[in-house]
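Participant: Chain A is fixed; fit chain B onto it per the hints.
If you want the building blocks of each chain, they are given just below.
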Amino acid sequence: MNHSTWVIDGGRVIDPANSVDRVARLVLHDGKVHSLDTSDGDLPPDAQRLDASGKIVAPGLVDLATELREPGSEEDETIQTGSDAALAGGYTTVLCCSSTKPLMDSAASVQLVRQIAQEVDGVRVLPIACLSKGRQAEQMAELGILARAGAAGFSDSPRPMSNDALLKRALDYCRMFDLPIFDRPEVPELAEGGVMHDGQIGLILGLKGLPTEAEDLAVARDVRLAEATKGRLHVGPVSTMGAIDMIGRVKSRGIQISASVCPHNLFASDELLRSYDSRYKVHPPMRSPSHVEALQKAVADGVIDAIESGHMPRAHEKKANDLDLAPFGASALETTLSAVATDLIEAGILDWRRAIECLSVAPARIAGVSGGSLTIGENADVTVIDPNASWNVDPREFRSRCRSSPMAGRTLSARVTHTLVDGRLKFQLQPECSAT
Amino acid sequence: MNASLSTEQLSFPALWQHPHLLDLERLSAAEILAILRTADQLKTMTDGCRRKVSLLAGKTCANLFFENSTRTRNSFSLAAKRLGADTVEFSSSGSSVAKGETFVDTAKTIEAMGVDWVVTRHSTPGTPHLLARELDCCVLNAGDGPHEHPTQGLLDMLTILQHRIGSDWRNESADPETIFSGMTVALVGDIAHSRTARSNLWGLRKLGAHVIICGPPTLVSPRWEELGFEVAHRLDEIVHRCDVLNLLRIQFERQKARPFPSVYEYAALYAMNGQRLRLAKDDILIMAPGPINRGVEITPEVADGPHSVILEQVTNGIAVRMASLWLLANAKDNAASSETHA
Numbered sequence: 000m001n002h003s004t005w006v007i008d009g010g011r012v013i014d015p016a017n018s019v020d021r022v023a024r025l026v027l028h029d030g031k032v033h034s035l036d037t038s039d040g041d042l043p044p045d046a047q048r049l050d051a052s053g054k055i056v057a058p059g060l061v062d063l064a065t066e067l068r069e070p071g072s073e074e075d076e077t078i079q080t081g082s083d084a085a086l087a088g089g090y091t092t093v094l095c096c097s098s099t100k101p102l103m104d105s106a107a108s109v110q111l112v113r114q115i116a117q118e119v120d121g122v123r124v125l126p127i128a129c130l131s132k133g134r135q136a137e138q139m140a141e142l143g144i145l146a147r148a149g150a151a152g153f154s155d156s157p158r159p160m161s162n163d164a165l166l167k168r169a170l171d172y173c174r175m176f177d178l179p180i181f182d183r184p185e186v187p188e189l190a191e192g193g194v195m196h197d198g199q200i201g202l203i204l205g206l207k208g209l210p211t212e213a214e215d216l217a218v219a220r221d222v223r224l225a226e227a228t229k230g231r232l233h234v235g236p237v238s239t240m241g242a243i244d245m246i247g248r249v250k251s252r253g254i255q256i257s258a259s260v261c262p263h264n265l266f267a268s269d270e271l272l273r274s275y276d277s278r279y280k281v282h283p284p285m286r287s288p289s290h291v292e293a294l295q296k297a298v299a300d301g302v303i304d305a306i307e308s309g310h311m312p313r314a315h316e317k318k319a320n321d322l323d324l325a326p327f328g329a330s331a332l333e334t335t336l337s338a339v340a341t342d343l344i345e346a347g348i349l350d351w352r353r354a355i356e357c358l359s360v361a362p363a364r365i366a367g368v369s370g371g372s373l374t375i376g377e378n379a380d381v382t383v384i385d386p387n388a389s390w391n392v393d394p395r396e397f398r399s400r401c402r403s404s405p406m407a408g409r410t411l412s413a414r415v416t417h418t419l420v421d422g423r424l425k426f427q428l429q430p431e432c433s434a435t
Numbered sequence: 000m001n002a003s004l005s006t007e008q009l010s011f012p013a014l015w016q017h018p019h020l021l022d023l024e025r026l027s028a029a030e031i032l033a034i035l036r037t038a039d040q041l042k043t044m045t046d047g048c049r050r051k052v053s054l055l056a057g058k059t060c061a062n063l064f065f066e067n068s069t070r071t072r073n074s075f076s077l078a079a080k081r082l083g084a085d086t087v088e089f090s091s092s093g094s095s096v097a098k099g100e101t102f103v104d105t106a107k108t109i110e111a112m113g114v115d116w117v118v119t120r121h122s123t124p125g126t127p128h129l130l131a132r133e134l135d136c137c138v139l140n141a142g143d144g145p146h147e148h149p150t151q152g153l154l155d156m157l158t159i160l161q162h163r164i165g166s167d168w169r170n171e172s173a174d175p176e177t178i179f180s181g182m183t184v185a186l187v188g189d190i191a192h193s194r195t196a197r198s199n200l201w202g203l204r205k206l207g208a209h210v211i212i213c214g215p216p217t218l219v220s221p222r223w224e225e226l227g228f229e230v231a232h233r234l235d236e237i238v239h240r241c242d243v244l245n246l247l248r249i250q251f252e253r254q255k256a257r258p259f260p261s262v263y264e265y266a267a268l269y270a271m272n273g274q275r276l277r278l279a280k281d282d283i284l285i286m287a288p289g290p291i292n293r294g295v296e297i298t299p300e301v302a303d304g305p306h307s308v309i310l311e312q313v314t315n316g317i318a319v320r321m322a323s324l325w326l327l328a329n330a331k332d333n334a335a336s337s338e339t340h341a
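Residue numbers (numbering that gives the first Met the number 0), protein chains in the order written: chain A, 0 to 435; chain B, 0 to 341.
Bear in mind the hints are in silico, worked out from the structure with no lab data behind them.
Bear in mind the structure is a predicted one, so any value in this text is a computation, not a measurement.
Among the hints, a few may not be true.
Per label pair, the in silico range of CB-to-CB distance [unchecked claim]:
id, chain 1, residue 1, chain 2, residue 2, range
1, B, Glu171, A, Asn387, 53 to 63 Å
2, B, Gly57, A, Asn391, 50 to 60 Å
3, A, Glu270, B, Leu310, 35 to 45 Å
Where is the CB? At the ideal position from N, CA and C, for every residue including glycine.
This is chain A alone, in the form it adopts within the complex (with noise of 0.2 Å):
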């Protein structure tokens, strides 16, 4: 073994992928997972230890949809800030929608993310390619091309795909590349206008409302889409109760589709909005408690797969704006698995064991991505939680370049203190922070 050897010791090791639960030592090497209860005798005298006593060592975090603004609004974000909010959430793989101009429709569009990705050396950046050329939902974008450019998946978010025949199309089409189809399930002409959820608040408020169904109508088509063409399709993120039975339905009948829901919609209803304070404008909306306790039911019976950020950074100046102007979006990568330990776990809804699978296994598995386990000769991606650490959420601390998030001022309990990423340390929680 040589200085690329990691041995994480004392830690609890959940890997879910390999059912491993247990106080164990991991032993990485040359960037690879190279074993685990590895005697003192043959480790290396100079490898480098980190203890992890009292902590949780995990397969590293793995995030469906980030947007990173670069290039064409790096004033929201850059590859750079996005990255290190990603590692200091524990994120070691994001996959990176097509949301700012230049499109990502081009090979040459893709390659540039993947060449500043590689230059910043941070959170491996998975791009999604636009899935029709210019974001239009007339024509299929080349997906051959930006297969082989290195695109991971096809998506049009954060728009929804609006055209029917282009999606099944695409899905037919999709299958050659073995590559997924990221959906964000919404009727456009339903949706047009809203602010928040369409309830009985936003009627007190005078707020125009995005209704249930046109995520419930888009879930309907997508599912049904899905089961026609066999295709890899993933649904996401949903927030309405009405998408969660039509999932389930689906997937009792053996039906390949995959789901995911924001830690936003997880934790807080519109209820919130009654400040009109635009950090809680986010998208899917904040809805009513009775659509929250039905999706973190959801997320604990499985019928939702992954919890994705919903990070969708936007600059101050646009945020610090009255509700209509206002855009949609908060950052989320530095707080999501630290929300999921508050909201879900110490409320007894979910166990560390899922809560990894939710972060890190279900989502690498729905992008078809490496990572999400701990298994011997993968890539050694690895978190390392404080799972007994409270935090308050001050947005000025944040690596991200946007300081818009719903949890500002709350108190969260874990927190992410080592992110490795290939066998390389690329995040360490300084000491002064762990704790409040």
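Facilitator: Using the frame of chain A, we list chain B on its own:
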């Protein structure tokens, strides 16, 4: 009413502690009645030949209107001037907003010139709440999109009080929550886009009225029933039960898709006309917040008829705005004074 009321006799209601007037939903019945009583007194003081008093001399009121307005803007200006305050007028067209400045920065700039109140109108709900967090001065909501228009709701209630309730409501011993008991008020029209409706319905219900919300289902959500209001879709079936009809304008400018087939059809189903008036109680009160669209929500014979109090509403608007400015400024001064002495 005491016609010889002087400024010395105007007493500040101890329960009023708000530096801002943002909506009626979050005010108590007692607080609403306190404004109405103050407005009633100020109206008396400034009636007749002595139109101006100096209760707020030396203070400045800024009208920040990001949407068009005739009556509300002028009403606030007159209210401030009648109490001796100066006014600053701002319109978004031709201002720095047109150059790309955010409305919060614009408001902060105006505040920095030394104003005591910002009266704001904006097309987006919640903008006054945002300003109340960002500014140090008093903020008054003069209409935020389809959310609320609290002073319009108050002036509507003051008009009903003056016409339909005896003088007991002026006594401190009156129970605020039962002032309107036994009274049925219908809000008719474009409830979905109406800030007047949202202020009226909370205020009226808090003071004990039975409120009916009437209009086509595309403009009246069934969710209002879940919130305890009676919802009706046929005006002809409820008009005989109403003591007051408040006819709200169709807000074409806020509608992206037409919620009914034609203006002609809307008028046929909902316009208050002579025929429908014959179905009503003899003493029904006809109100409209204005501007009125003759022939759409109301026909000229009703708008100009003996049951109509539309112009009195305008007059009461000044009184309500005087009361609001005075109460907010005093609450702010009292709070500052308490802090100084603490």
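Participant: All hints, please: hold or fail.
Facilitator: Hint-by-hint comparison with the structure:
no. : hint                                 : verdict
1   : Glu171(B) with Asn387(A): 53 to 63 Å : holds (58 Å)
2   : Gly57(B) with Asn391(A): 50 to 60 Å  : violated (44 Å)
3   : Glu270(A) with Leu310(B): 35 to 45 Å : holds (41 Å)
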